[in-house]
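Peer 1: Protein chains in written order, with the numbering used here: chain A, 2 to 334; chain B, 2 to 334.
Just so you know, not all the hints are guaranteed correct.
You can't tell identical chains apart in this list, so a pair holds if it fits in one copy or across any two.
Once the Cα atoms are required to be at most 27 Å apart in a straight line, the calculated DSSO-like pairs of lysine-lysine come out as [as the list claims (entries may be wrong)]: (1) Lys204 with Lys48; (2) Lys204 with Lys3; (3) Lys281 with Lys3; (4) Lys281 with Lys48.
Hint data in this document are derived by calculation from the structure and do not stem from the laboratory.
2 protein chains.
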Amino acid sequence: MKKILNNPEAYVDEMLEGLTAAHPDVYRIVGEDRRAVARGTPGPEGKVGIVSGGGSGHLPVFTGYVGTGLLDACAIGDVFASPTADQMADSIRAADRGAGVLRLYGNYGGDVMNFDMAGDIVEMDEIETTTVLLADDVASAPPAEAEKRRGVAGMVYAFKIAGAAAEAGLDLSEVTRVAQKTADAVRSVGAALSSCTVPQAGKPTFEIGVDEMEMGMGIHGEPGVWRDKLRPADAIAEEMMDRLLSDVEIGKGDRVSILVNSLGATPHEELYILYRIVSKRLSDVGAEIVMPLVGRYATSMEMTGVSFTLLKLDAELEGYLTAPCHCAFWTVS
Amino acid sequence: MKKILNNPEAYVDEMLEGLTAAHPDVYRIVGEDRRAVARGTPGPEGKVGIVSGGGSGHLPVFTGYVGTGLLDACAIGDVFASPTADQMADSIRAADRGAGVLRLYGNYGGDVMNFDMAGDIVEMDEIETTTVLLADDVASAPPAEAEKRRGVAGMVYAFKIAGAAAEAGLDLSEVTRVAQKTADAVRSVGAALSSCTVPQAGKPTFEIGVDEMEMGMGIHGEPGVWRDKLRPADAIAEEMMDRLLSDVEIGKGDRVSILVNSLGATPHEELYILYRIVSKRLSDVGAEIVMPLVGRYATSMEMTGVSFTLLKLDAELEGYLTAPCHCAFWTVS
Chain A
2 MKKILNNPEA YVDEMLEGLT AAHPDVYRIV GEDRRAVARG TPGPEGKVGI VSGGGSGHLP
62 VFTGYVGTGL LDACAIGDVF ASPTADQMAD SIRAADRGAG VLRLYGNYGG DVMNFDMAGD
122 IVEMDEIETT TVLLADDVAS APPAEAEKRR GVAGMVYAFK IAGAAAEAGL DLSEVTRVAQ
182 KTADAVRSVG AALSSCTVPQ AGKPTFEIGV DEMEMGMGIH GEPGVWRDKL RPADAIAEEM
242 MDRLLSDVEI GKGDRVSILV NSLGATPHEE LYILYRIVSK RLSDVGAEIV MPLVGRYATS
302 MEMTGVSFTL LKLDAELEGY LTAPCHCAFW TVS
Chain B
2 MKKILNNPEA YVDEMLEGLT AAHPDVYRIV GEDRRAVARG TPGPEGKVGI VSGGGSGHLP
62 VFTGYVGTGL LDACAIGDVF ASPTADQMAD SIRAADRGAG VLRLYGNYGG DVMNFDMAGD
122 IVEMDEIETT TVLLADDVAS APPAEAEKRR GVAGMVYAFK IAGAAAEAGL DLSEVTRVAQ
182 KTADAVRSVG AALSSCTVPQ AGKPTFEIGV DEMEMGMGIH GEPGVWRDKL RPADAIAEEM
242 MDRLLSDVEI GKGDRVSILV NSLGATPHEE LYILYRIVSK RLSDVGAEIV MPLVGRYATS
302 MEMTGVSFTL LKLDAELEGY LTAPCHCAFW TVS
């Protein structure tokens with residue numbers, strides 16, 4: 002196991018200790034069992050709060066996106082494991098500035114169950130909550146069953162846009178509307194070349210041949226749509242763009258953003274090789290790319306692979322996408 | 002080879018094509034054979050230019066740091082191979098705004114030879130040049146032979162600080178003085194757990210056992226100071242801090258910055274586990290940490306491993322370190 006760690010059981014707690022030691026201005030640990038993170042300085046009184054949460058091992062997702070113009074707090078589970086309802090309730094309480102809290106997270110069974118329970122818990126504190134789920138992975142279910150899709154890197158756009166809307170002073174129903182519009186407008190697809198290792202498991206999550214790849218694989222190793230020999234970069238990018246563009250209508254004059262995301266080990270060099278095709282395909286349909294993101298925005302530790310996330314914009318979404326934000330992983334100024 | 006590419010021979014050119022397609026506001030390809038990159042919009046007339054250069058495969062180093070408050074241009078070789086003198090001359094010409102150009106790069110034989118020749122070439126264009134070499138890797142030679150040391154991630158600090166000094170309007174001799182002061186104040190050490198694969202070679206640069214690590218290994222696989230079983234994170238961090246703190250005097254009241262850098266595959270989670278010890282060790286000697294950097298600032302594609310870079314600050318260096326900058330990989334606002 003080529004990982005730099007101490008006790009695998011302490012992986013997440015030590016990570017949080019280091020994260021908050023490095024960036025005390027941005028992050029602060031809260032909650033009885035120290036498994037929620039809030040903004041170093043809370044947002045202003047009367048601002049709508051936004052929380053997310055989920056398993057660890059995906060930095061910057063989820064915790065890393067706590068910051069100005071982004072999330073107000075986040076609940077953190079063990080690697081690839083849901084936080085508890087109590088941890089999620091801790092994050093909601095930390096995010097509350099008297100104007101209600103949006104729960105904004107990915108469509109995974111355990112997270113949904115626990116965030117629902119957390120909403121019930123904080124009702125006793127008279128905190129109003131709403132929910133928007135990300136279900137952007139087009140490879141995980143067909144369009145007719147879109148509600149079954151997994152949430153993956155699309156949440157990066159949702160955090161950014163909803164975060165900017167809350168920062169601009171919109172109320173809870175309006176921030177929720179903007180977040181839902183983003184969730185509806187975003188599509189992702191991934192391809193994996195190798196697994197990562199969950200520290201407590203001590204061995205790779207899945208096996209894959211040294212010359213193989215899997216199209217459509219999920220970020221925890223969920224099965225994809227095919228496994229075959231590793232293909233050239235351009236063929237991979239073309240197929241991924243085919244899958245995105247067949248799931249959402251993008252045409253002449255549309256404005257879009259695209260995230261070309263490393264799942265961990267795949268270097269920036271290779272993301273940019275893929276970007277050539279991404280850019281060409283969007284140009285071919287007459288779309289204009291706004292603020293493309295290329296890098297490690299949603300990972301599975303040291304997994305080798307990439308995901309593409311396509312967001313169809315309107316003027317409102319574009320305004321919030323390009324607004325300033327700041328966390329330890331992402332600054333837009 | 003778990004790499005996403007097309008023709009290995011085209012790896013660098015396709016990477017540059019994607020980089021400039023994604024960020025045309027930041028980067029622009031220049032030079033006859035398109036192997037130099039300059040700022041999307043040149044710096045103001047009369048600003049000192051700063052260039053760097055070296056082999057590809059280290060993004061964001063070197064090319065990624067072309068931007069506002071950073072480098073003005075950069076020459077790019079093949080993966081782990083020096084650019085030619087002509088490519089370096091192209092970068093110098095692109096960086097020249099009439100006030101001379103600082104060559105700021107790492108201490109590798111091929112780069113030094115070619116940048117010296119490039120300086121001779123641009124003398125005919127009447128461009129004045131100066132040189133500052135980074136030689137920050139303490140594992141590569143003892144203090145008595147410090148001039149033989151390799152340049153590694155310390156150049157990130159040098160680009161940032163010299164870039165801010167040039168942006169502030171200092172003249173060539175002053176920018177050169179500030180860059181040299183940074184080079185003198187910075188120390189790095191790395192540890193590798195696995196190799197990367199140079200595309201044109203098609204196999205890992207070096208072999209290392211599945212349970213082994215190498216302390217002090219260079220970013221191209223240059224031999225380190227020991228190879229042994231993989232140690233716990235805290236032991237690795239303690240030894241790396243020992244090596245840095247025995248090479249430069251840091252004491253009570255000193256202000257420092259520290260970069261905890263992934264060589265590629267090592268995830269953010271593990272960098273933050275290491276940061277706990279980094280922070281404790283600096284606190285133990287009474288030093289205060291300013292603007293710590295944790296992430297992928299200087300990589301070897303998908304190599305697994307980390308490096309620490311420690312910079313001893315004074316008021317001048319701290320002012321330039323914390324000044325605004327912008328490129329596709331790093332925004333300080």
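Peer 1: Could you figure out if Lys204 and Lys48 sit no more than 27 Å apart (CA to CA) within one copy, between two copies, both or neither?
Peer 2: Neither, since 44 Å and 53 Å both go past 27 Å.
Peer 1: Reference check for the pair Lys204 and Lys3, CA-CA at most 27 Å: within, between, both, or neither?
Peer 2: Both: 10 Å inside a chain and 18 Å across chains, each within 27 Å.
Peer 1: When no copy is named, should Lys281 and Lys3 be tagged within, between, both, or neither for a Cα gap of at most 27 Å?
Peer 2: between (37 Å within a copy, 25 Å between copies)
Peer 1: Up to 27 Å between alpha-carbons, please classify Lys281 paired with Lys48: within, between, both or neither.
Peer 2: So Lys281 and Lys48 fail the 27 Å test inside a copy (40 Å) and across (36 Å) alike.
Checked against the numbered hints above, the structure violates hints 1, 4; every other hint is satisfied.
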